[in-house]
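The residues making up each chain are set out below.
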Amino acid sequence: MTLLADDISFSYPKNDVIKEITFSLEEGDYLAVLGTNGAGKSTLLKCLSKILNPQLGKVYINGIDSSTLKGTELAKNIAYVPQSHDYSKKTVFDSVLLGRKPYIKWDVSQNDIEIVEDILRLLDLENYSMRYTNELSGGELQKVIIARALAQQPKVLLMDEPTSNLDLKNQIEVLSIIKEIINIQKISAVVTMHDLNLALRFANKFILIKEGELFAFGDATVLNSESIKSVYGVDVVIEEYLGIPVVIPI
Amino acid sequence: MNIKKNRGVLFQDNVYEHHIIRKKFIIIVLLAVTIVAFFWAINAGAMPIKPKKVILAILGLGDNKSISIIRNIRMPRVVSGILAGAGLSIAGCIMQNNLKNPLASPSTLGISNAAAFGANVAIILLGAGTIVSTGLGEIQIFNPYIVTICAMSFSIGSTLLIISLSKIGRFSTQSIILAGVALSSLFSAGTMIIQYFSGDTTKVAAVIFWTFGDLGRASWNEIIIMGILIAISIIYFIYHRWDYNALDSGDDTAKSLGVNVERIRLCGMFMASVITAVTVSFLGIIGFIGLICPQITKRLIGSDNRYLIPASAIMGSFILLISDTLARVLLSPQTLPVGAVTSFLGAPLFLYFLIKGM
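Chains Z and D, in that order, give the protein sequences.
In this text, residue positions in the first sequence follow my numbering: the first is 1, and each later residue adds one.
In this text, residue positions in the second sequence follow my numbering: the first is 1001, and each later residue adds one.
Worth flagging that the hints you see were computed from the coordinates, not collected in a lab.
Be a bit skeptical, because a hint or two may be false.
As the list claims (entries may be wrong) - Straight-line distance between alpha carbons at most 25 Å, and here's what the computed DSS-like set of lysine-lysine pairs gives: (1) D/Lys1024 to Z/Lys89; (2) Z/Lys70 to D/Lys1024; (3) D/Lys1167 to Z/Lys14; (4) Z/Lys50 to D/Lys1065; (5) Z/Lys50 to D/Lys1023; (6) Z/Lys105 to D/Lys1356; (7) Z/Lys179 to Z/Lys76; (8) D/Lys1167 to Z/Lys89; (9) Z/Lys89 to D/Lys1052; (10) Z/Lys76 to Z/Lys229; (11) D/Lys1356 to Z/Lys89; (12) D/Lys1024 to Z/Lys105; (13) Z/Lys14 to Z/Lys210.
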């Protein structure tokens, strides 16, 4: 079991954000976290990565309680791609190299440089490596942030709406690459998404969150017209087209 | 899929290595021009001394007159300039990084005004100084330690107050700067009131001269204290350079990379404030360096703190040395306030960078 979220709850002083959420992931799982705006998807990811400390419950990574791990040790196990990010005058290469921070003792090693080069190549960013991040388009920048997370060589990859700034081609490309990395490196990924069709196409596990509570967790069967109606309040039909499930609002 | 195969042409050319070499080259050039500025600064004065004689005098060789001028007058001034420039610039660099705001600096956070208020209390209320009529408006401080202790107490107190407020009120980085601006305004008002009600215009004149800032004010003892604190801070900042790089990418990203964001920010702000407080207390207010030097350096070398931190320190030393030397030679024998020269020299340079879009 790569990741186990055991009964985690988080609340701000005046409102509960997520309540008693439990789920587990195996190696190679691609989990789509779905729900309406404000349902608690981003908070769940922040609790998993210890950016926020859940008031109740624990998170285990490969059986180890994440609260017992030091910051840098946790960063070697879990990488997080935020929904929005700051950027300064840094090259793409340096931005991705930052993902090696948990491994760097004093100076960057040749191994760090090679890992960054490989990831840049994998995400088709090698021709941008010496460009400054403040000169990139939203889509290019998003790929750089994902590349930085991959440079951490994590066991679990957490991504908060990673495709929200990307065009259709880049959305499919990025989600495909993530799927490929999950399969090759035997890691798992937790991705918050709004596009149910992309979720059905790439993910193999699904969480539906409604008002901070776990509404459903499981394989593609949990994503049906009834659950979507309950969570989103929208009537849909799910049809297969060329073997791909498609959610159609009616 | 094997992602290790098919190495791109780009990486075979070691583009990254060239990128790093370029940054190191900029640092070496900055260092070289600072060394040139050092010899110019030490040579400038009523009695020109050639570089060879300067080196001999530093080593204690050569004629007694040269040794005396170099060791007792020019070296303290030049070393003060190198240390204060490096300290103020690096303090600004860390504050701008920690608070994610290019306007963060010792002056915008109220540390300089707090020191000035302390000096006003010492000189006007405690009678620690006056001005004597030598025709050049010579400041005479009867008890420099009282002035320094008062200035340092208020500036460190102001720093601790901002840090405590930000902890208690869970301030955002923007709110910390606004708190600094508010405190700065408070200390300015306090200074104004003390000066307004002072019946002794010579004391008011003395404190105004004190605030101008003067690199020749510090003795070797003070220079050693300043040097030790600035050296410790620079080592600390360089040790945490990767943490500052992570902070540049946002608090959430930094936390996910294993950085204890609150602790790094608190320690960084505290150390930057202490070196500012010490420098301002020993030398008076030297504006501009902490605000603009890190910005100019960032435009030359980028935001990577591995190179930005040492380069900012050298840039601060260079600009302050050049400014002080110009302040001494432009209207010789009259000396201009060094803070005014730093602004006259640096502001056009900074505006040029802004217009060029660098």
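Hint check:
1. D/Lys1024 to Z/Lys89: holds, 17 Å
2. Z/Lys70 to D/Lys1024: violated, 33 Å
3. D/Lys1167 to Z/Lys14: Given pair D/Lys1167, Z/Lys14 holds - Cα atoms ~20 Å apart, limit 25 Å.
4. Z/Lys50 to D/Lys1065: violated, 66 Å
5. Z/Lys50 to D/Lys1023: Roughly 35 Å separates the two Cα atoms, so the pair is violated.
6. Z/Lys105 to D/Lys1356: violated, 37 Å
7. Z/Lys179 to Z/Lys76: Judged against 25 Å, a Cα distance of about 20 Å means the pair holds.
8. D/Lys1167 to Z/Lys89: Given that 25 Å is the threshold and the Cα spacing comes to 29 Å, the pair is violated.
9. Z/Lys89 to D/Lys1052: violated, 42 Å
10. Z/Lys76 to Z/Lys229: violated, 39 Å
11. D/Lys1356 to Z/Lys89: holds, 15 Å
12. D/Lys1024 to Z/Lys105: Given pair D/Lys1024, Z/Lys105 holds - Cα atoms ~20 Å apart, limit 25 Å.
13. Z/Lys14 to Z/Lys210: This hinted pair holds, its Cα atoms lying about 19 Å apart.
Hint compliance for this structure: hints 2, 4, 5, 6, 8, 9 and 10 are not met, and every other hint is.
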